[in-house]
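Colleague: Residue strings, one per chain:
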Amino acid sequence: MAHDRKFRFGVQCLRAASAKEFAEQARRAEDLGFSSILFPDHFVDHPLAPMPAMAAAAAVTTTLRVGTCVLGNDYKHPVVLATEAATVDVLSDGRLELGLGAGWMTVDYERAGLPLDPPGVRIARLAEAITVVKGLMADDPFTFHGKHYDIDELDGEPKPVQKPHPPLIVGGGRPKILGLAAREAQIIGINARLTAGTGEHESSTKSLNPASTDEKVQWVREAAGDRFDELELQSLVGFVMETDDVASTAEMMAGAFDTTPEEALDTPVVLVGTIDEMVERLQRRRARWALSYHVVPIEQMETFAPVVARLAGT
Amino acid sequence: MAHDRKFRFGVQVSSAADAAGWRERAHKIEDLGYSTLFMPDHFIDSPFAPMVGITDAAAATTTLRVGTLVLGNDYKHPAVVAKEAATLDVLSEGRLEFGLGAGWQRTDYDALGLRYDPPGVRVDRLTEAIAVVKGCFTDGPFTFVGEHYTVRDYDAQPKPLQRPHPPILIGGGAPRVLRMAGREADIVGINPNLSSGELDAAVVRSSVAEQTRQKVEWIRDGAGERFDDLELQIRYFFAAITDDARGLAEAVAPGFGLTAAEALESGVALVGSVDECCEILQRRREEWQVSYIVFGDDNFEAFAPVVAGLAGT
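Going down the list, the protein sequences come from chains A and B. The first sequence: position 260 = 260 (my numbering), numbered continuously. The second sequence: position 295 = 295 (my numbering), numbered continuously.
Isolated chain A (complex conformation) (with noise of 0.2 Å):
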């Protein structure tokens, strides 16, 4: 079924300081319109870990939606994840988006000893380990035979409340993971290219400019065929100022990204502006690209508020 590409918002939140703290954000994104509350995975300064923060999440709110943005595949066996991601399916009553990544920062892979293989073998890794997640969440018993993962014959507990499964999230910056979520996800996140290892490098920078998300809409477009219509697209919104000079800034950011000033201003990660101006870059993205899915950090969930209340379902 088509996509309705109305406008909805998530948060992203990486830290809590206390359960009490937690749960009174959770809440507060809940009460501003936002549509979601996601979590990251990994291992440095990331200070929570997404399965148990989507649980109490869930548990204090009752329709903000819980999801990871994304989980590391290699940190996780997929019959293990696939059964705590049904669990958190099941407890909150079908509010989870499921967010699935290759795995990406080297630091991560380091700190737990685990071996770093090159991204092709990562994303084929988690092209096998999302028909595992499927196959578990499917009705019948399951088994695959891969390259990676052995399954024999295994009905997954629980099922998910969301059928056939919760929206699987699936980003990325290069073409093959952005193909691969085109044919498997629902939700797809048009991401920095990351093959640096790291967000903070100059090439990780540079991809997120609006030249380079021509490019990725074009490649999942390519990819989905038939199927584009139905996905949703999302951007994280990492930067979000609210200013009535947006000329210093965007003269700044047309460095980083490697293009002009007002290029630089319809870059998907950054929005900056007044709120009339953040409404309207939204729409404009979302008539170029198709986004119609932003999620910002929660700490800037307040200025970001009404833009949400402008857009949220429009």
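Incorrect hints may have been included.
[As the list claims (entries may be wrong)] In silico lysine-lysine, DSSO-like type, Cα no more than 30 Å apart, as pairs:
no., chain 1, residue 1, chain 2, residue 2
1, B, Lys159, A, Lys20
2, A, Lys176, A, Lys76
3, B, Lys6, B, Lys159
4, A, Lys159, A, Lys134
5, B, Lys159, A, Lys76
6, A, Lys147, A, Lys6
7, A, Lys20, B, Lys28
8, A, Lys163, A, Lys76
9, A, Lys176, A, Lys6
10, B, Lys134, B, Lys6
11, A, Lys163, A, Lys134
12, A, Lys163, A, Lys147
13, B, Lys134, A, Lys76
14, A, Lys134, A, Lys76
15, A, Lys76, A, Lys147
16, A, Lys206, A, Lys147
17, A, Lys159, B, Lys28
18, A, Lys20, B, Lys134
[Said to hold, decoys possible] Chain B stretches covered by chain A per the calculated footprint, using a threshold of three residues with CB under 8 Å from any CB of chain A:
no., region
19, 9-21
20, 67-77
Treat the hints as calculated values from the structure; they're not laboratory data. Think of the CB as a built atom: it goes at the ideal place given N, C-alpha and C, for glycine as much as any other residue.
Chain A is fixed; fit chain B onto it per the hints.
Modeller: Frame of chain A; chain B shown alone:
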């Protein structure tokens, strides 16, 4: 610090029909005076995933402690497990009891397509995992280079709320794992010997009174002076409130290859009237030092009067 060996009680549960049912039961367990809700970790016939399930149970309650009984170490990397445990400890305001075991049920390994290593290897790996988990829980970066895990210069976040770390529960039924538990754990679960990889007659036989006494000695060997600090736990798999314990034992015991007397004295069986069960638990606390008693989903309500009579004494 020496443990007071006062009685407390837990319930091991693994699923519910839906979210409302799960929370309702967590409330009931809390209201009946139980200290802890535990979840097992299996992939067959044990539907909910433990870390998610106990997080939800903690969120639904206010004082109930939550724990794993126990996580199978081989299913997840200990750095992942430690991070989840610490997150849960923070989000539950310090109510986690962290149970970790070597993994034993062969069907779980088959389900994941994992190699089922000999018990010695699994216990070695568990021993290393405990070191990794403690390293993660401790302030500052640590490095651990073992045969199974290598962790380098890693300052895990978050740190748990309970200091130095949430109580670590290690269970087992064989000498090596129980000696290790005596050295490393805060709570030691006295389990059947599960080295056959399935629940068979040998498992039942391994829990008769004489064997249970032996297991306590293994823990004592491993613990040395620490023994007084430990809390010892038994999960009663065969528990019933009845006025005719003898009759029940005579009917059931032969099926397990035991005499009625052996069954009644077994370290995994608790059968009798409320008063008799209270007396049995008091006697066993004297003999075995076991003060932490865990029931199952099927009988925790029936044992509520025992909890009311003994908890905190």
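Colleague: Next pair to validate is lysine 20 of chain A with lysine 28 of chain B; report whether the Cα-Cα distance is within 30 Å.
Modeller: Since the Cα atoms of lysine 20 of chain A and lysine 28 of chain B sit roughly 24 Å apart, the hinted pair holds (cutoff 30 Å).
Colleague: At a Cβ distance under 8 Å, does chain A reach at least three residues of the region 67-77 of chain B?
Modeller: holds (count 3)
Colleague: Does lysine 159 of chain A pair with lysine 28 of chain B here, judged by a C-alpha cut-off of 30 Å?
Modeller: Holds, at roughly 25 Å.
Colleague: Within 30 Å, alpha carbon to alpha carbon, are lysine 134 of chain B and lysine 6 of chain B?
Modeller: Roughly 26 Å separates the two Cα atoms, so the pair holds.
Colleague: If you draw a straight line from the CA of lysine 20 of chain A to the CA of lysine 134 of chain B, is it 30 Å or shorter?
Modeller: Since the Cα atoms of lysine 20 of chain A and lysine 134 of chain B sit roughly 26 Å apart, the hinted pair holds (cutoff 30 Å).
Colleague: Taking only the CA atoms, is the gap from lysine 159 of chain B to lysine 76 of chain A under or equal to 30 Å?
Modeller: Given that 30 Å is the threshold and the Cα spacing comes to 21 Å, the pair holds.
Colleague: What's the verdict on lysine 163 of chain A and lysine 134 of chain A, does the C-alpha distance respect the 30 Å limit or exceed it?
Modeller: holds, 10 Å
Colleague: Can you confirm whether the C-alpha distance between lysine 163 of chain A and lysine 147 of chain A stays at or below 30 Å?
Modeller: holds, 28 Å
Colleague: Given the hint that lysine 176 of chain A pairs with lysine 6 of chain A, test it: the Cα-Cα distance must not exceed 30 Å.
Modeller: Holds, because 27 Å separates the two Cα atoms, which is no more than 30 Å.
Colleague: For the region 9-21 of chain B, do at least 3 residues have a Cβ located nearer than 8 Å to some Cβ of chain A?
Modeller: It holds: at least three residues are needed, and the region 9-21 of chain B offers 3 whose Cβ sits within less than 8 Å of chain A.
Colleague: Does lysine 20 of chain A sit within 30 Å of lysine 159 of chain B, going by the straight-line distance between their CA atoms?
Modeller: holds, 16 Å
Colleague: Taking only the CA atoms, is the gap from lysine 76 of chain A to lysine 147 of chain A under or equal to 30 Å?
Modeller: holds, 16 Å
Checked against the numbered hints given earlier, the structure breaks hints 6 and 16 and satisfies all the rest.
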